[in-house]
Amino acid sequence: MVAQFRDRTEAGKQLAAQLMAYRDRPDVLVLALPRGGVVVAYEIAGPLHDALDVMVVRKLGTPGQEELAMGALAPGGLRILNEDVVRARGVSQKAIDWVAAREQRELERREHLFRGERPPYDVRGRTIILVDDGIATGATMRVAILALKQQHPAHLIVAVPVAVTTTCDELAALGCEVVCLLKLETLYSVGGWYEYFPQSSDEEVHDLLKRASREQAAWLQKKAPM
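Last residue of the sequence shown? That's 914 in the working numbering, and every number before it is there in order.
Treat the hints with caution; some may be incorrect.
[As the list claims (entries may be wrong)] Simulated crosslink set (SDA-like; lysine to any residue; CA at most 20 Å straight-line):
#, residue 1, residue 2
1, Lys-898, Gly-752
2, Lys-701, Gln-904
3, Lys-911, Arg-711
4, Lys-701, Leu-834
5, Lys-701, Gly-734
6, Lys-910, Pro-714
7, Lys-871, Glu-892
8, Lys-911, Arg-694
9, Lys-701, Leu-870
10, Lys-910, Arg-713
11, Lys-782, Gly-752
12, Lys-782, Leu-766
13, Lys-911, Gly-752
14, Lys-871, Thr-854
[What the hints assert, rightly or not] Pair by pair, the computed Cβ-Cβ distance ranges are:
#, residue 1, residue 2, range
15, Arg-812, Ala-905, 18 to 24 Å
16, Pro-886, Pro-714, 33 to 39 Å
17, Gly-778, Lys-911, 53 to 59 Å
Quick caveat, the hints were computed from the structure, so don't treat them as lab data.
Positions of the beta carbon are idealized from the N, C-alpha and C atoms, including for glycine.
Generate coordinates for the entire structure from the input sequences, incorporating the hints supplied.
Structure, rendered in structure tokens:
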């Protein structure tokens, strides 16, 4: 395995170059899956002059093998399960509910931390660019897509640096445009395709969202007619 991206910042810049058709469009909103997706999305929203916000979802890790997603949660109580993983690992309904309750608390904590009292952007009728730093099983991305579709965006683009080819096809089948720089037959670790892949902190995410908001406001003010 040879790393294809120096870090999330470089990956975001490469994705931005593929998304320039959406630059300067007031209907476009960039939504990032925290935490790592926010670092990538910040490099997209800036050059495109688009607003940036978070789409908080939580992976449901398989008991005893937390990195393996058995499902995911999104705001509004939406839950999806990877039935193949649940069956293969023999996960009980009680264990699923326990993990889901724990992750629901963390989802609510992060939403408040990253957004405060500010409500989420209205996505109805808008073009949404949904960003993460990579897709392995696709569980968190799928639940984010399903949650967004309930709000009726006009168009939904999934933008990621690296993902499994079959997962990209599955997301496209959900009605999404998929922009992926590196498609692979198998993907055991997203971080393996980066030279530098530290865990992003809550503070870093919060800071990037604030910076993006200031930059967007400055651009809108500059664009406004005198």
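Okay, the hints, checked on the actual structure:
no.	hint	result
1	Lys-898 x Gly-752	36 Å, violated
2	Lys-701 x Gln-904	17 Å, holds
3	Lys-911 x Arg-711	13 Å, holds
4	Lys-701 x Leu-834	27 Å, violated
5	Lys-701 x Gly-734	10 Å, holds
6	Lys-910 x Pro-714	14 Å, holds
7	Lys-871 x Glu-892	28 Å, violated
8	Lys-911 x Arg-694	33 Å, violated
9	Lys-701 x Leu-870	14 Å, holds
10	Lys-910 x Arg-713	15 Å, holds
11	Lys-782 x Gly-752	15 Å, holds
12	Lys-782 x Leu-766	18 Å, holds
13	Lys-911 x Gly-752	53 Å, violated
14	Lys-871 x Thr-854	9 Å, holds
15	Arg-812 x Ala-905: 18 to 24 Å	22 Å, holds
16	Pro-886 x Pro-714: 33 to 39 Å	34 Å, holds
17	Gly-778 x Lys-911: 53 to 59 Å	57 Å, holds
Hint compliance for this structure: hints 1, 4, 7, 8 and 13 are not met, and every other hint is.
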